[in-house]
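Enquirer: Chain by chain, the residues run as shown.
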Amino acid sequence: DSGVTQTPKHLITATGQRVTLRCSPRSGDLSVYWYQQSLDQGLQFLIQYYNGEERAKGNILERFSAQQFPDLHSELNLSSLELGDSALYFCASTPSAGLAGGSPYEQYFGPGTRLTVT
Amino acid sequence: GQQLNQSPQSMFIQEGEDVSMNCTSSSIFNTWLWYKQDPGEGPVLLIALYKAGELTSNGRLTAQFGITRKDSFLNISASIPSDVGIYFCAGQPIFSGTYKYIFGTGTRLKVLA
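Protein chains in written order, with my numbering: chain A, 1 to 118; chain B, 1001 to 1113.
Bear in mind the hints are in silico, worked out from the structure with no lab data behind them. Computed from a prediction, not measured in an experiment: that's the story for all the values here. Each residue gets a CB set at the ideal place from its N, CA and C atoms; glycine is no exception. Errors might be hidden in some of the hints.
[To be verified] A partial selection of chain A residues facing chain B, derived with a Cβ cut-off under 10 Å: (1) Val4; (2) Arg63; (3) Ala87; (4) Cys91; (5) Ser103; (6) Phe109.
[Unchecked claim] Heads up, incomplete: computed chain A residues facing chain B, CB under 10 Å, no partners named: (7) Ser2; (8) Gln6; (9) Pro8; (10) Gln41; (11) Gly42; (12) Gln48; (13) Phe69; (14) Phe90; (15) Gly110; (16) Gly112; (17) Arg114.
Bound conformation, chain A alone (with noise of 0.2 Å):
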């Protein structure tokens, strides 16, 4: 168990239709990072954030947003859902650098979110 939490852990929803994925980091981590992993692919980083504020943006599309609360935990929404949109969606976060815990460079994972979109 890496400490990061992700629900829903599945999904089913319709074409044209809104989602919101919910992600907590590890306690005391302060950057969140999402990513789309389709069916047999790699891990597509979307955006990061840090102690809610944008940090990095990746192949995000302008129907994603996300956005990270102050008690630091991070939604992933996801509009005008496409078929093509079905997919793994995982958040990880990582330690703060100078704070005991781990390296910052070092990116846990949570479970995943399994998107259908029929």
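Chain B: place on chain A using the hints.
Expert: Showing chain B alone in chain A's frame:
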């Protein structure tokens, strides 16, 4: 999106055999991470590498940060059935300015008892 070249893509081995896999890139990396992912689960961090030439072990797993800083290697000795899964490398490009990682395409390992 950008990905690392990871090889082999898949491999079938007999229990007890040693396994080698690698990742290569045209870019220089600051950090390499190696993960194992079981089906439907999140990747689990196995080894982190921070310096060119660094050799780090975690039980039967040994990984190395290539001297050119453009590649990394993972070896598994005396494989067992629970080693089955997908192994990913992840590299942090130099001068990326963040802790953003690029992931390899994965090596799918199957162990025959």
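Enquirer: So, as I understand it, the hint says Ser103/A touches chain B; can you test that by seeing if any CB pair is closer than 10 Å?
Expert: 7 Å, holds
Enquirer: Less than 10 Å between beta-carbons is the criterion; does Gly112/A satisfy it with respect to chain B?
Expert: Where the cut-off is 10 Å and the nearest Cβ of chain B is about 5 Å from Gly112/A, the hint holds.
Enquirer: Tell me if Gln41/A is really an interface residue toward chain B, meaning its C-beta lies closer than 10 Å to one of theirs.
Expert: Holds. Min distance 8 Å.
Enquirer: Under the criterion of a CB-CB separation shorter than 10 Å, is Ser2/A in contact with chain B as hinted?
Expert: 7 Å, holds
Enquirer: Checking hints one by one. Is Phe109/A an interface residue toward chain B, by the C-beta closer than 10 Å rule?
Expert: 4 Å, holds
Enquirer: Go through the hint on Phe69/A and say holds or violated, using the shortest Cβ distance to chain B against 10 Å.
Expert: 20 Å, violated
Enquirer: So, as I understand it, the hint says Pro8/A touches chain B; can you test that by seeing if any CB pair is closer than 10 Å?
Expert: Hint violated; Pro8/A Cβ to chain B Cβ min 14 Å, cut 10 Å.
Enquirer: So, as I understand it, the hint says Arg114/A touches chain B; can you test that by seeing if any CB pair is closer than 10 Å?
Expert: 7 Å, holds
Enquirer: Going by Cβ atoms only, is Gln48/A closer than 10 Å to chain B?
Expert: Since chain B brings a Cβ to about 6 Å from Gln48/A, closer than 10 Å, the hint holds.
Enquirer: Does the closest beta carbon of chain B sit nearer than 10 Å to the beta carbon of Gly110/A?
Expert: Gly110/A check passes; min Cβ-Cβ to chain B is 5 Å, inside 10 Å.
Enquirer: Using Cβ atoms only, decide whether Cys91/A comes closer than 10 Å to chain B, and label the hint accordingly.
Expert: 9 Å, holds
Enquirer: Taking the least C-beta to C-beta distance, is Arg63/A closer than 10 Å to chain B?
Expert: 17 Å, violated
Checked against the numbered hints listed earlier, the structure breaks hints 2, 3, 9 and 13; every other hint is satisfied.
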